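Peer 1: Residue numbers (my numbering): 10 to 446.
In case anyone wonders, no lab produced these hints; they're calculated from the structure. Be aware that a few hints might be false.
Stated by the list, open to error - Quick list of the computed label-pair ranges, beta carbon to beta carbon: (1) Glu158 <-> Asn47: 58 to 68 Å; (2) Asn373 <-> Lys188: 45 to 55 Å; (3) Glu107 <-> Glu146: 31 to 41 Å; (4) Glu339 <-> Lys270: 23 to 33 Å; (5) Lys191 <-> Arg46: 44 to 54 Å; (6) Asn80 <-> Arg226: 24 to 34 Å; (7) Asn325 <-> Arg154: 44 to 54 Å; (8) Glu155 <-> Arg226: 34 to 44 Å; (9) Lys159 <-> Met385: 36 to 46 Å; (10) Ala135 <-> Ser258: 22 to 32 Å; (11) Glu409 <-> Ile179: 35 to 45 Å; (12) Glu152 <-> Asn47: 12 to 22 Å; (13) Gln355 <-> Ala135: 19 to 29 Å; (14) Ile144 <-> Ile179: 18 to 28 Å.
These numbers were taken from a predicted model, which means no experiment stands behind them. The beta-carbon is built from N, C-alpha and C at its ideal position, and this holds for glycine as well.
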Amino acid sequence: MIKRLLIANRGEIAVRIIRTCRMMNITTIAIYSEADRNSLHVQLADEAICIGPNQSAESYLDIDRILEACNMSKADAIHPGYGFLSESTTFRQRVDEENIIFVGPSFKTMDLMGDKIKARETMYQANVPIIPGSIGEVKTVEEARETAEKVGFPFVIKAASGGGGKGIRIVHEASELEKNFKEAQSEGEKYFGDKRVYIETFIDKARHVEVQVLGSRHGEAIHLGERDCSIQRKNQKLIEEAPCTALDSKTRASLHADAVKAAKACNYESAGTIEFLLTDNGYYFLEMNTRIQVEHTVTELLTGVDLIKQQILMANGEHLSLKQEDIKFEGHVIECRINAENPEKQFRPAAGKVLALHLPNGFNTRVDSMLYDGYMIPPYYDSLVAKILVKGTDRLEAIEKMKGTLEETVIDGFPTTLDFLYRVLSYEPYINNDITI
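My request is simple: use the sequences and hints to build the entire structure.
Peer 2: Spelled out as structure tokens, the structure:
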């Protein structure tokens with residue numbers, strides 16, 4: 010049983026994990042860089058260890074230093090949060106070698122789902138719908154041309170280990186194929202050390218819909234409904250909501266069933282997310298996130314299930330404490346991500362001191378944040394500073410409630426996305442649910 014948990018992360022997710030651990034009587038150990046010495050997660054944790062200078066590469070991404078901190082503090086488990094090393098198979102393997110419990114899926118599952126080609130093959134074999142294209146690796150330009158004849162133009166060439174928009178090329182006509190094929194290979198090798206690529210049909214209009222799943226090492230798996238994450242910029246989500254009101258009951262049931270099928274196909278244990286593209290013609294598997302996600306809070310507010318607690322129980326080797334029929338969906342939840350960015354200047358990241366702060370509260374309102382009066386936002390890390398969530402009886406009520414909640418919120422001292430998000434919520438196509446990625 011986990012008694013001492015080291016959190017290999019920072020910011021609001023570290024605070025979130027600490028709060029559940031307190032409830033479960035688990036001692037928490039925070040790690041921090043020199044820039045985060047005064048951060049909230051350091052102050053709330055039972056113990057804290059500085060693991061390096063400001064730069065992530067020498068602190069939050071330094072596996073040796075994190076494992077050293079784990080051994081120093083006699084932690085028996087590590088929670089990776091999201092981002093940083095949360096989906097690193099190298100980190101996962103090193104944690105196993107040190108005989109430390111990893112709060113997350115097995116190395117084998119992470120390796121399988123982290124490779125987009127292997128993930129597509131696994132889903133294809135499990136009869137989960139995948140985007141039309143190549144099943145395995147496309148090794149040569151000639152193979153790419155043969156695949157192009159089958160799927161048609163336009164199509165996308167993607168790096169097998171890609172992410173964050175890297176290693177992706179859209180091909181509109183045959184004359185562009187060779188150049189884009191080689192560029193995708195080159196970028197995959199440069200950023201991920203993996204030149205393998207595959208091909209998918211280009212889908213220009215779709216919704217990003219993901220299903221939250223829970224699995225145990227005993228072969229059990231359930232879903233906790235879907236989230237619509239279509240409001241994005243540069244592949245980064247801005248607003249998430251649940252349920253997805255574009256789904257009819259038949260499609261929703263099929264989507265949920267395929268998500269559970271996907272989780273079982275890769276022997277998933279812990280909390281994870283199966284991501285789909287939803288089109289007018291159906292839905293397709295996109296990828297699996299083998300970690301807790303930023304927007305897990307949407308599902309928590311909708312269902313009342315503490316996903317961090319469930320992760321810890323699964324890491325302890327327990328059976329699922331919930332059955333599918335235990336999961337109830339009531340109302341409509343919307344989450345807005347508040348980032349320290351300037352929307353008027355192409356969302357340029359901002360840093361500064363919190364000069365005034367008022368975070369909202371009220372019925373069916375939740376705020377996850379790492380801010381406090383006088384806190385200095387460091388310029389070295391992700392710009393997310395808070396997540397604001399509301400729950401209404403339906404989508405329109407939730408929109409109006411969120412607008413009022415954003416109006417009440419005060420974060421002064423640096424630019425944020427608060428006003429921009431308010432404008433999105435007031436935008437007629439969003440209100441009418443006429444949205445795509």
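Peer 1: State for each hint whether it applies.
Peer 2: The hints, checked one at a time:
A beta carbon spacing of about 60 Å between glutamate 158 and asparagine 47 agrees with the range 58 to 68 Å that was offered as a hint. Range check, asparagine 373 to lysine 188: Cβ separation about 52 Å, and the 45 to 55 Å hint holds. The beta-carbon spacing between glutamate 107 and glutamate 146, approximately 33 Å, falls within the hinted interval of 31 to 41 Å. About 26 Å separates the C-beta atoms of glutamate 339 and lysine 270, a value consistent with the hinted range of 23 to 33 Å.
As the Cβ distance of lysine 191 to arginine 46 is approximately 46 Å, the hint placing it in 44 to 54 Å holds. Restraint check, asparagine 80 to arginine 226: a C-beta distance of roughly 25 Å satisfies the suggested window 24 to 34 Å. In this structure the hint that asparagine 325 and arginine 154 lie 44 to 54 Å apart at CB holds, the actual value being about 52 Å. Checked against the given bound of 34 to 44 Å, the beta carbons of glutamate 155 and arginine 226, roughly 41 Å apart, stay inside it.
Taking 36 to 46 Å as the suggested C-beta distance range, the pair lysine 159 and methionine 385 does not conform, at roughly 55 Å. Roughly 23 Å separates the CB atoms of alanine 135 and serine 258, a value that falls within the hinted 22 to 32 Å. Between glutamate 409 and isoleucine 179 the Cβ separation comes to about 38 Å, which falls inside the hinted range of 35 to 45 Å. For glutamate 152 and asparagine 47, the hinted distance range of 12 to 22 Å is not satisfied, since their beta carbons lie about 54 Å from each other.
Range check, glutamine 355 to alanine 135: about 41 Å between beta-carbon atoms, so the 19 to 29 Å window is missed. The supplied range of 18 to 28 Å is met by isoleucine 144 and isoleucine 179, whose beta-carbon atoms lie about 20 Å from each other.
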